[in-house]
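K.L.:
In case you want the letters, here they are:
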Amino acid sequence: MQDGFLTIYWRDMIRFVRFKTLLVSSLLQPALWLAFFGIAMASNFDVMMAGMPVPEGVKAVGYLTFMGCGIIAMTTLFTSLFSGIVILFDKNWGLMREILASPVSRNHIIIGIALSGVTKSFIQAVIIMGFGVLIGAAFFAGFTPVHVLIGIVGVLAFVAMFALGFLFLSAAIAISMESPEGLQGIMTLLTMPIFFASNALYPINNFPEILRVISAYNPMTLLINGIRYFAIGPDFYALGHHYAFTQMDILLSFAGLVVFTAIMFALAWWRFRNAVVT
Amino acid sequence: MGAELGTITGFIEIHPEYSCMAGPVPAGDAPIILVEGLEHIYGDFKAVDGISFSVKKGEIFSFLGPNGAGKSTAINVLITLLNLQKGRAAIAGHDVKTDPQKIRESIGIVFQDITLDRDMTVWEILEFHGRLYRMPLAERRERIEELLQLVQLDAKRNELTKKLSGGMKRRLEIARGLMTRPLVLFLDEPTIGLDPQTRMRMWEYIRGVNREGTTIFLTTHYMDEADQLSDRISIIDHGRIVVTGTPWQLKNTLGQDLIYLETSDNPAARRLLESLPSVREITEKKQGIILMVNEDGTRVLPGIIDTLRENGVAISTINLKKPTMDDVFVFYTGKEIRDEGQQPARGGFLRAARH
Ligand SMILES: Nc1ncnc2c1ncn2[C@@H]1O[C@H](COP(=O)(O)OP(=O)(O)OP(=O)(O)O)[C@@H](O)[C@H]1O
Ligand SMILES: [Mg+2]
Numbered sequence: 001m002q003d004g005f006l007t008i009y010w011r012d013m014i015r016f017v018r019f020k021t022l023l024v025s026s027l028l029q030p031a032l033w034l035a036f037f038g039i040a041m042a043s044n045f046d047v048m049m050a051g052m053p054v055p056e057g058v059k060a061v062g063y064l065t066f067m068g069c070g071i072i073a074m075t076t077l078f079t080s081l082f083s084g085i086v087i088l089f090d091k092n093w094g095l096m097r098e099i100l101a102s103p104v105s106r107n108h109i110i111i112g113i114a115l116s117g118v119t120k121s122f123i124q125a126v127i128i129m130g131f132g133v134l135i136g137a138a139f140f141a142g143f144t145p146v147h148v149l150i151g152i153v154g155v156l157a158f159v160a161m162f163a164l165g166f167l168f169l170s171a172a173i174a175i176s177m178e179s180p181e182g183l184q185g186i187m188t189l190l191t192m193p194i195f196f197a198s199n200a201l202y203p204i205n206n207f208p209e210i211l212r213v214i215s216a217y218n219p220m221t222l223l224i225n226g227i228r229y230f231a232i233g234p235d236f237y238a239l240g241h242h243y244a245f246t247q248m249d250i251l252l253s254f255a256g257l258v259v260f261t262a263i264m265f266a267l268a269w270w271r272f273r274n275a276v277v278t
Numbered sequence: 001m002g003a004e005l006g007t008i009t010g011f012i013e014i015h016p017e018y019s020c021m022a023g024p025v026p027a028g029d030a031p032i033i034l035v036e037g038l039e040h041i042y043g044d045f046k047a048v049d050g051i052s053f054s055v056k057k058g059e060i061f062s063f064l065g066p067n068g069a070g071k072s073t074a075i076n077v078l079i080t081l082l083n084l085q086k087g088r089a090a091i092a093g094h095d096v097k098t099d100p101q102k103i104r105e106s107i108g109i110v111f112q113d114i115t116l117d118r119d120m121t122v123w124e125i126l127e128f129h130g131r132l133y134r135m136p137l138a139e140r141r142e143r144i145e146e147l148l149q150l151v152q153l154d155a156k157r158n159e160l161t162k163k164l165s166g167g168m169k170r171r172l173e174i175a176r177g178l179m180t181r182p183l184v185l186f187l188d189e190p191t192i193g194l195d196p197q198t199r200m201r202m203w204e205y206i207r208g209v210n211r212e213g214t215t216i217f218l219t220t221h222y223m224d225e226a227d228q229l230s231d232r233i234s235i236i237d238h239g240r241i242v243v244t245g246t247p248w249q250l251k252n253t254l255g256q257d258l259i260y261l262e263t264s265d266n267p268a269a270r271r272l273l274e275s276l277p278s279v280r281e282i283t284e285k286k287q288g289i290i291l292m293v294n295e296d297g298t299r300v301l302p303g304i305i306d307t308l309r310e311n312g313v314a315i316s317t318i319n320l321k322k323p324t325m326d327d328v329f330v331f332y333t334g335k336e337i338r339d340e341g342q343q344p345a346r347g348g349f350l351r352a353a354r355h
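If you read the protein sequences in the order shown, they are chains A and B.
Note that the numbering used here has the first sequence beginning at 1, numbered continuously upward.
Note that the numbering used here has the second sequence beginning at 1, numbered continuously upward.
Hints in this document: simulated from the structure, not taken from any laboratory.
Certain hints may be false.
To be verified - Capping the alpha-carbon separation at 20 Å, the derived lysine to any residue pairs in SDA-like fashion look like this: (1) Lys56/B to Gly213/B; (2) Lys56/B to Arg181/B; (3) Lys102/B to Phe272/A; (4) Lys163/B to Arg18/A; (5) Lys91/A to Met120/B; (6) Lys163/B to Thr21/A; (7) Lys163/B to Pro180/A.
Stated by the list, open to error - Computed list of chain A residues with no C-beta within reach of chain B, every gap over 12 Å: (8) Asp46; (9) Phe89; (10) Gly94; (11) Pro103; (12) Ala262.
Note that this is a predicted model, so its numbers are computed, not measured.
Every residue gets a Cβ at the ideal spot worked out from N, C-alpha and C, and that includes glycine.
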């Protein structure tokens, strides 16, 4: 079966566009973060930072731009983690039995679900970037058209890898659970530390040592490094901190995400192989 | 209930000793489904308790049993949705435990519970299924049209399934199961909740699919469905196969006719009639007794009446009828199945007598 994953993908996308309320609410949340938290905090931080000396020749970016990258990451995290709930509903409503008893191999099922999850995250990331630019975030500011293109591709590559990792994690947990409530609880429990122990909303450099190390290796931080590198640039100044990424830094961040995603894939594969669904 | 079976002689075979019914299997004609000593335990509850049977290629084979008998559990093991815990099972020569992928390529399924995506349209449900089973585009589209006609959902093709009535959903599920032409088609209570005309039409189509070479494995608790559709039936109860045979064989175990009597002294009547050569077996019910007779009941009856009268036993009620599948079922399981859609007293004779 060479195209089984496409069949799964096709079905998932049908359902995605059909759940319009879900689609809208998944976009509304990041938009509200940007419009309220982003603009509110920016109006404070940007005034506070105004007096601070910016190093010679380094581009200073406003808070909205800084946290906008974090919000793209946050949306990807939420969407990917909560996609497991759909899997759980499929399982509980018996929808998965048709698929699991069909000749489509388990690997194709996983790939199909993963691809549709990544597509959803892409759509969201692009819309949020557009919305951010609309309300004043300086994404891709001063880039040549070619650079903008490279920037978008780079951001999406990072988003894809990160989304896959959390999709697999979410699927692995969902397939092992019985109740959507329990799953929701676990997901909420997971999102808080992942989101806040990252550089989404603030720099992590002044964290206490242990928290700083955890945050530095948090897949969320790795993702945001990549997004900022591609959407803002390798060298910029924000919130009193000078960010300078070498290409090596970014490659390492990406490699970190690849390792994380590979582990999550192994976990999901193992759980699905043993999946018993009645 | 098991004990009373021991006295029956004749052509029927009683499990647990397993053997293949309905005559010898022609040499070289390996069974397409072979199950030996299958057990399945949920927690500490044994839902399937050591069943063995085989189904020949091209047969329509049925599990007939009451709620909770273990029919769906057995099917779920065979279609690889539940792990095989104990015993052996093979479909088309592929082992269920070691070669599930090959099994999945050989079978089609209509599940007992509704498993339709609420947010997909009728057409999309069928299209998705055809794609899952890698049907070529032309064949897929053609089959979809054919089935939409059959289950009369043509006008609803672009309707979301959540907007269908219960019976329409069921029809769509059946249509989906009939999309492919697998080696073996599993139908778990396929016509549950359908109106009589629709059921007849489904049976006709299922027979047609069967004629094209697909072996059918059916579970049901509709007596008439098992009776009319099956080549062979296994009656299953408490996770065990109680008896297997063709519908004709099963009905004939109860003799050619059943005679129900209510008398002034039932135990005495029983003693008196037991010795008559034409009487195969007598079972005592609350108010009366039931005689299974080997000959035409209308010819036996005068002798019975004479015998009782001569011995001073008064008869208050007499009833005579041919055994039906209901009688067979009640006889072997000691249970009656009453369910939605089931005509309560359709020929239920042993059943009626039980109260
Ligand atoms: N997932 C499960 N966990 C625990 N027990 C179960 C489970 N599924 C079924 N059972 C039990 O196993 C027994 C057999 O159930 P099964 O569904 O196989 O019966 P069935 O013959 O298909 O009945 P029905 O005619 O109602 O469909 C029942 O007593 C049921 O309570
Ligand atoms: Mg059942």
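K.L.:
Take the hints in turn and mark each one as holding or not.
P.N.:
Against the structure, the hints come out as follows:
1. A hinted pair counts as satisfied when its Cα atoms are at most 20 Å apart, and Lys56/B with Gly213/B qualifies at roughly 11 Å.
2. Of the pairs offered as hints, the one joining Lys56/B and Arg181/B holds, with about 17 Å between alpha carbons and a cut-off of 20 Å not exceeded.
3. Only pairs whose Cα atoms come within 20 Å are accepted, and Lys102/B paired with Phe272/A is accepted, the gap being roughly 18 Å.
4. For the proposed pair Lys163/B and Arg18/A, the alpha carbon gap of about 15 Å is at most 20 Å, so the pair holds.
5. A hinted pair counts as satisfied when its Cα atoms are at most 20 Å apart, and Lys91/A with Met120/B qualifies at roughly 16 Å.
6. The hinted pair formed by Lys163/B and Thr21/A meets the criterion: a straight-line CA distance of about 19 Å does not exceed 20 Å.
7. Among the hinted pairs, Lys163/B with Pro180/A is inconsistent with the structure: their alpha-carbon atoms are about 24 Å apart, more than 20 Å.
8. With a least beta-carbon separation of about 45 Å from chain B, Asp46/A lies farther than 12 Å from that chain, consistent with its non-interface assignment.
9. Taking the minimum C-beta to C-beta distance to chain B, about 10 Å, the non-interface status of Phe89/A is violated against the 12 Å cut.
10. With 12 Å as the threshold on Cβ separation, the claim that Gly94/A sits away from chain B is violated: the shortest Cβ distance comes to roughly 4 Å.
11. Not every C-beta of chain B lies more than 12 Å from that of Pro103/A, the closest at about 4 Å, which undercuts listing it as non-interface.
12. With a closest Cβ-Cβ approach of about 25 Å to chain B, Ala262/A is found to remain outside the 12 Å limit, as its non-interface label requires.
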